[in-house]
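Chains as they are written, first to last, in my numbering: chain A, 1 to 66; chain B, 67 to 200.
Be a bit skeptical, because a hint or two may be false.
25 Å max Cα-Cα, derived DSS-like pairs, lysine-lysine [claimed, not checked]: (1) A:22 / A:53; (2) A:47 / B:134; (3) A:6 / A:61; (4) B:197 / B:146; (5) B:134 / A:22; (6) A:64 / A:6; (7) A:2 / A:61; (8) A:22 / B:132; (9) A:22 / A:11; (10) A:11 / A:53; (11) A:22 / B:197; (12) A:47 / B:132; (13) B:197 / A:2; (14) A:11 / A:47; (15) A:64 / A:2; (16) A:47 / A:22; (17) A:2 / B:146; (18) B:197 / A:6; (19) A:22 / A:6; (20) B:117 / B:84; (21) A:2 / A:53; (22) A:22 / A:61; (23) B:84 / B:134; (24) B:134 / B:146; (25) B:113 / B:84; (26) B:197 / A:47; (27) B:107 / B:117.
For the record, the hints were derived by calculation from the structure and aren't laboratory data.
Keep in mind that this is a model prediction, so the values were computed, not measured.
Spelled out from the first residue to the last, the chains are:
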Amino acid sequence: MKNTLKVERAKLNLTQQDLADKVGVSRQTINSIEAERYVPSTVLSIKISDVFKTSVNEIFKLEKND
Amino acid sequence: MDKNTNKKDLRLLPGYFKVIGLVVMILAFVPAAIIILMNIKILQSQKELLKVFTANAFILGLALSKDKVEDEMTIAIRLKAMAFAFISIVIYLIISPFGDFLFKIPIENLTGRHLVTVMLFEYLVMYYYLKRVR
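Produce the complete structure using the sequences and hints provided.
Here is the structure:
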């Protein structure tokens, strides 16, 4: 699964730690999501999209093999 | 937002249980060392009790207590590590009888306590490894 988390974060000038604090996870979790090593749960995806005031589909996109 | 809001999946002990486990282990090491050094004879049951406290208390405390930040990813890592520990022990139990049959290696009779200690240790190694490479 692809995501545009890094871009969205840059738009709001947020650090990984800032975003982690806002959604209640560790900085390493945000880093793993950005590096596409970890696919977040639905709850976390919605929390992240809430921070960026956009829909989940705008941030997370399925790839062909998903 | 609280970092510990989404941990309904695993009910772990509070973080200070790591310290309690360490203290219990150290307290058990002192009489164990005295018994070995002074060559004091004790009952087999007392020996077993000392083994449990010295070997398992710290590992158990470390394995079952919360980290500073527990989120859905650490829960996923814990479950992966638990699965690894369980599967590796099952594989060992299936394969070990063949050791004697094929290579003439004598099989040692492992007790349940030994297996649990190995499982806990494997779980811990895998958990900290996966946390490091996440």
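Evaluated hints:
With a C-alpha separation of about 13 Å, the suggested pairing of residue 22 (chain A) with residue 53 (chain A) holds against the 25 Å cut-off. For the hint linking residue 47 (chain A) to residue 134 (chain B), the alpha-carbon distance of about 21 Å falls within 25 Å, and the restraint holds. For the hint linking residue 6 (chain A) to residue 61 (chain A), the alpha-carbon distance of about 14 Å falls within 25 Å, and the restraint holds. Taking the CA atoms of residue 197 (chain B) and residue 146 (chain B), the gap is about 11 Å. The hint holds against a cut of 25 Å.
Between the alpha carbons of residue 134 (chain B) and residue 22 (chain A) the distance comes to roughly 17 Å, so the proposed pair stays at or under 25 Å and holds. Annotation: proposed proximity of residue 64 (chain A) to residue 6 (chain A) holds, straight-line Cα distance about 21 Å (limit 25 Å). In summary, the hint linking residue 2 (chain A) to residue 61 (chain A) is supported, as the alpha carbons are separated by about 5 Å, within the 25 Å threshold. Restraint check: the Cα-Cα separation between residue 22 (chain A) and residue 132 (chain B) comes to about 21 Å, which is no more than 25 Å; the hinted pair holds.
Distance restraint check for residue 22 (chain A) and residue 11 (chain A): the Cα-Cα separation of roughly 16 Å lies within the 25 Å cut-off, and the hinted pair is therefore satisfied. Proximity of residue 11 (chain A) to residue 53 (chain A) is assessed by CA-CA distance (about 12 Å); at most 25 Å being required, the pair is judged to hold. Restraint check for residue 22 (chain A) and residue 197 (chain B): satisfied, since their Cα atoms lie roughly 22 Å apart, inside the 25 Å limit. Taking the CA atoms of residue 47 (chain A) and residue 132 (chain B), the gap is about 23 Å. The hint holds against a cut of 25 Å.
Pair hint residue 197 (chain B) plus residue 2 (chain A) holds up; C-alpha atoms about 22 Å apart against a cutoff of 25 Å. Distance check on the hinted pair: residue 11 (chain A) and residue 47 (chain A) sit about 17 Å apart at the alpha-carbon level, within 25 Å; holds. Taking the CA atoms of residue 64 (chain A) and residue 2 (chain A), the gap is about 10 Å. The hint holds against a cut of 25 Å. For the given pair, residue 47 (chain A) sits about 8 Å from residue 22 (chain A) by alpha-carbon distance, which is consistent with the 25 Å threshold.
Of the pairs offered as hints, the one joining residue 2 (chain A) and residue 146 (chain B) holds, with about 23 Å between alpha carbons and a cut-off of 25 Å not exceeded. About 22 Å separates the Cα atoms of residue 197 (chain B) and residue 6 (chain A), which keeps this hinted pair within 25 Å; it holds. About 15 Å separates the Cα atoms of residue 22 (chain A) and residue 6 (chain A), which keeps this hinted pair within 25 Å; it holds. Taken as a hint, the residue 117 (chain B) and residue 84 (chain B) pair is honoured in the structure, with Cα atoms around 18 Å apart against an allowance of 25 Å.
As the CA atoms of residue 2 (chain A) and residue 53 (chain A) are separated by approximately 19 Å, the hinted pair is consistent with the 25 Å bound. Straight-line distance between C-alpha atoms of residue 22 (chain A) and residue 61 (chain A) comes to about 22 Å, which keeps the hinted pair within the 25 Å bound. With a CA separation close to 12 Å, the supplied pair residue 84 (chain B) and residue 134 (chain B) stays within the 25 Å bound. Restraint check: the Cα-Cα separation between residue 134 (chain B) and residue 146 (chain B) comes to about 19 Å, which is no more than 25 Å; the hinted pair holds.
Among the hinted pairs, residue 113 (chain B) with residue 84 (chain B) is consistent with the structure: their alpha-carbon atoms are about 24 Å apart, no more than 25 Å. Between residue 197 (chain B) and residue 47 (chain A) the alpha-carbon distance is near 23 Å, which keeps this suggested pair within the 25 Å criterion. Between the alpha carbons of residue 107 (chain B) and residue 117 (chain B) the distance comes to roughly 15 Å, so the proposed pair stays at or under 25 Å and holds.
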